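J.: Here's the letter readout for the chains.
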Amino acid sequence: MADHIQYNLEERYEFTPKLRKQLLMVIGIGLLLLVAGAVFLALDTGGGHHGGGEHHGGGHHEGGGGGEEHGYNWMTRIWANFWLNGIFFTEIAVMGVLFLAIQYLAKAGWSASFLRIPTAFGNFLPFTGGVLLIVFLFANHDLFHWTHSSLYDKAGEEYDSIIANKAPFFFWPFESGSFPVFWLARFVLYFVLWYWLYTLIKKQHLAEDNIENRLNVKHYDKATVYSAIFIVIFAVTSSTSAWDWVMSIDTHWFSTMFGWYMFASGWVSGLAVITLAVIYLKEQGYLKMVNENHLHDLGKFMFAFSIFWTYIWFSQFLLIYYANMAEETIYFYERLYGYDGIYSPMLVLNLIINFVFPFLFLMTRDAKRKAIFLKVAAWGILIGHYLDFFVMIMPGTVKENGGFFLVEIGTLLMFIGGFVLVFANTLSKYGLIPKNHPMLEESLHHSI
Amino acid sequence: MQVTSHVREPLVTNGKTMHDITQDICRQVEAKPTLAWLVAFAISVATLLIGSVALASTWWYGIGVWGLNKTIGWAWDITNFVWWVGIGHAGTLISAILLLFRQKWRTSINRAAEAMTIFAVLCAGSFILMHMGRPWLAHWALPLPNTYGSLWVNFNSPLVWDVFAISTYLTVSVVFWYVGLIPDLATIRDRAKITLEENPLLPTDTAEERKAKKAKRRPISAFMYGLLSFGWEGGAKVWARYEYVALILAGLSTPLVLSVHTIVSFDFATSVIPGWHTTIFPPYFVAGAIFSGFAMVLTLMLITRVVFKLEDYITIEHIEVMNKVIILTGSIVGIAYITEFFVAWYSGVEYESYAFINRAFGPYWWAYAAMMTCNVISPQLFWFRTIRRSLVWTFVLSIVVNIGMWFERFVIIVTSLHRDYLPSSWAMFYPTIYDVGDYVFSFGLFFTLFFLFAKFLPVINMAEVKTVLNSTDEKAKKDAEQRIREEQKQTETETVG
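Note that the protein sequences, when read in sequence, are chains B and P. Under this note's numbering, the first residue of the first sequence is numbered 1, with each subsequent residue one higher. Under this note's numbering, the first residue of the second sequence is numbered 1, with each subsequent residue one higher.
If we strip away everything but chain B, and leave its shape as in the complex, we get:
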């Protein structure tokens, strides 16, 4: 081809010591803020329960139930923050794997040139898995109401027949209220399966770089098979993990949509991080072949799945609002009016940032083709969906003691620093362009 522009297909991402230092500083600052925040919290509530008196006097909320009998501890807010960020970043990391798998299964051509970016996400899974596991082992009573054994004691005052009914889901085959072996087994299984399949797909994806004959699609075909296995497993586990990790915080409450709702939130966040990573790498002079056409498609993805998230959010809300059954409405009632109304503005802001903003901002073609617009949109979406997870997790854990200040900022910075550190480190381990990918030529000529 005469019009063939020569790209450097051998390029590698260099993880500079400077960036490493900066990221370590971000983590350090995060840690400092967290410690400072913890000190404030300890001083503020150290003497007793913040507002606990009135609360106990006035009887307790349905959702809180027996949890409040065990008292609020300022550490709860820290644990909850680690849980929140652990979940949020797990979602982002696993969505990178999902993106890769979908590209294989759908035989997508446009994305081949930047596939190494989502491929690098999955390596963060062991870290979030470890953090979440530690948090659960130390703080399960703080975060999960259902872990209190008194709820299952028929003779006890705190016996809760509704939660007792759900006990097998957490404790099977052990006695209700003992060690949540079933829940933990699932927890481990999710991470093991996701990470294992991620390594299988990645291995084939990377092995392609060393093939002699580019017409040989052995690795491409194998990666497709592993992608299919991953997607089947993920289709089930994305829902069940959402029930386990987030829906069970509000133990009484249930919604069949919840798994898909959390998936929608995670998926659009993952797409936003992919977009940001592509743009930042381009700004540093990498990925010359990724042009405004590829950005346009990434922009479309963020636009479309922001609407998809809204669709899911709205469907869940509308049906619960419409049927007006107490066992369902409590979820939104707590968030809109409960806990002194502290979560109410966040719920509204959530809809504005996650729907109105990307819908209007990414509507035009030009907006989706300009890096600066996409950066603003992607950061907006990420802030919005952090908030979405915040509103999912915080009301059920820290209740009226929630807020957004030093602890929240500190934990978030630590996770951002950690994610980018692992991402950049993984990315520097292999070539940045899948140079023998059978779809690469299509991606290099992508024009829309």
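Simulated from the structure, these hints should not be mistaken for lab results. Since this is a predicted model, take the numbers as computed values, not measurements. Every residue, glycine too, gets a C-beta built ideally from N, C-alpha and C. Some clues are possibly wrong.
Reference listing, derived: stretches of chain P covered by chain B, where coverage requires no fewer than 3 residues with Cβ under 8 Å from a Cβ of chain B [to be verified]:
#1 4-16
#2 191-204
#3 271-277
#4 345-351
Fit chain P to the given chain B structure using the hints.
T.: Quick look at chain P alone, frame taken from chain B:
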């Protein structure tokens, strides 16, 4: 230029050229109807007439002739309505969403799928008219002032939302379909006009000459397709506008197609009936609709490609890709079933748990078993490549899927209603001959319209297949392989040198 990867299978086979496409697809429009078509059309019309007797009786005597009773106020009518609306999802999905995703394989099947969509929505609408009992008052469903004799509609009711959703959907689908047809209609018009120009009737013609000429001339086609093609002349500007309109309509249809079945699901899910009120309904119904729609497209296309000899345009690759959509949507539906069942237990709501246990193990267990087998288990066979690419398997399974999707709606509607909160009013539903007859009517309507479409309009979008021909035929695949070989040879020489 368009570059195609060598891993993509050709979408047009046997070295067809642009002209071949025109010839192959115009053939059945221009030729006399074949015997096979005549027989099939006659059967469809007969079915429609038999069904019409049932429909006329339903309207004459009232819907009391159905098997509905004091407990089960919705059964076959709404089951059939939802079933047809669901089938009506594939066309717009193929034409709109797959256009946005730039899936080139859609070009061979979008026309027929869109036509099928329109007919399926009409069939669905016919059940609403049937259920009204007094179809002449159908306009009361619209928000008309009370002076028209109607009552102001209740905007709180999802049934009113349905009126808007489905009528908007029908309108946009028809516009989308028709806009896509215009260039092809113009092609048929031009080909008919040529027969007039090539065979001018001259005063000097002998009787035999005139007879021979008249046999070749197609003045009615030239006139009719001329009217239908709105004076399309195929200039570059017109094509640019055509593509713009297609993109805008695709953008409009995408949220629309999702909203239609979402609102159909609201008919059930906004209620407080156990088994109906569950938050997963909207996306789960949409997935189910796409599932059944693709199955129906497959059923029809497998027949059409054989009858009209279109094997080079609707290839095994097309069928395989569609089967992949079937397995995806079928599995989504399966996950939704399991989720519902799990949450019915997890919720601890007795009514909810009972509704689901009753579904699976109650008197309607066979309907539930049929639904699970046909919708969740049978599509899993498509994990095997040989089954995905087998015409027989695909044909059988596409019908199995639609049987399953009918049972799904029956299960949701009837099993949720037949045992309500008062055990004294528990009942069973038994369809009458009129329930069956009205369903037969919709089949007659659907196939009559489809066969008319298949005879008088081009079943494949010639213009769009031509746009992808160069990048998707066998030559494109060979070229892609050749290019890689050359590049590799070059690199080798460089290394050696």
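J.: Please go over all the hints and tell whether each is borne out by the structure.
T.: Tested hints:
Counting residues of the segment 4-16 of chain P whose beta carbon lies closer than 8 Å to any beta carbon of chain B gives 5, which meets the minimum of three for the stated coverage. As drawn, the segment 191-204 of chain P meets chain B at 0 residues by the rule of a beta-carbon pair under 8 Å; below three, the given contact is violated. Residues of the segment 271-277 of chain P lying with their CB closer than 8 Å to a CB of chain B number 3, which satisfies the three-residue condition for coverage. Counting residues of the segment 345-351 of chain P whose CB lies closer than 8 Å to any CB of chain B gives 4, so the stated coverage by that chain holds, three being the minimum.
Of the hints listed earlier, the one the structure fails to meet is number 2.
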